[in-house]
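Residues per chain are reported as follows:
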Amino acid sequence: EPEVTQTPSHQVTQMGQEVILRCVPISNHLYFYWYRQILGQKVEFLVSFYNNEISEKSEIFDDQFSVERPDGSNFTLKIRSTKLEDSAMYFCASTGTSGSRATDTQYFGPGTRLTVL
Amino acid sequence: SQKIEQNSEALNIQEGKTATLTCNYTNYSPAYLQWYRQDPGRGPVFLLLIRENEKEKRKERLKVTFDTTLKQSLFHITASQPADSATYLCALSGLSGYSTLTFGKGTMLLVSP
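Order-wise, the sequence lines are chains A and B.
Position one of the first sequence corresponds to residue 1 (the working numbering), numbered consecutively onward.
Position one of the second sequence corresponds to residue 118 (the working numbering), numbered consecutively onward.
There's no promise every hint is true.
To be verified - List of simulated lysine to any residue pairs, SDA-like, C-alpha gap at most 20 Å:
#1 B:222 with A:58
#2 A:57 with B:180
#3 A:57 with B:157
#4 B:222 with A:86
#5 B:176 with B:193
#6 A:83 with B:176
#7 A:42 with B:125
#8 A:42 with B:176
#9 B:222 with A:44
#10 A:42 with B:165
#11 A:42 with B:144
#12 A:57 with B:211
#13 A:42 with B:158
#14 A:42 with B:122
Said to hold, decoys possible - Which residues of chain B face chain A? A few of them, derived with a C-beta cut under 10 Å, are:
#15 121
#16 153
#17 159
#18 161
#19 178
#20 199
#21 218
#22 220
#23 222
Since the hints were made in silico from the structure, they are not lab data.
Glycine included, C-beta positions come from ideal geometry on N, C-alpha and C.
All chains, full assembly: derive it from the sequences and hints.
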């Protein structure tokens with residue numbers, strides 16, 4: 001069964017450093033998402049991406065964050081200058097389409113645990 | 118502001134019993150509601166989706182109900198097994214074509230043998 005993959009599984013970085021989290025969505029999916037989950041808290045939406053542009057973003061997704069689809073398979077989340085409070089699990093998700101709309105079910109990757117020291 | 122509430126306490130039940138988890142929401146008119154399972158350190162796994170015009174949905178031992186008047190969904194696992202132990206997340210989505218999900222905090226279910 002196709003699945004979303006993410007690398008690395010765990011990233012440790014120093015405060016102020018840039019990190020890039022990588023995701024390979026399911027191959028025929030066209031909508032991509034990033035969510036994060038701070039330890040013990042709920043899963044929170046960061047950004048959605050369709051047709052090579054951001055379609056929605058939350059208040060969390062400020063100028064320090066960016067997303068990119070550098071090739072036909074990868075989808076990345078970059079944090080330019082990490083802060084302690086960026087420590088969390090970051091989940092990538094993807095979904096297919098029905099016409100031009102996203103279908104309803106999102107498939108999540110296993111996550112990247114980001115630890116900012 | 119929009120709010121999604123799930124039982125904050127862990128639910129402990131005996132194997133073979135039916136587990137019932139609750140999701141309540143306010144200030145929201147979701148087009149549909151989804152339930153996900155999350156194991157420790159893992160990503161959410163989709164279980165069931167129910168639309169605003171549906172009252173009940175079933176899949177094997179799982180059943181979801183959706184009451185848009187009460188603004189509540191109930192999630193049932195019948196004949197529960199220790200392998201069902203996990204955190205169960207309720208997620209809502211509106212009419213956006215992008216299907217952004219808003220999650221509740223989840224309820225931990227512990228099924229004892």
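Subject >> Violated constraints from the hint list, given by number and in increasing order >> reply: 2, 3, 6, 8, 19, 20
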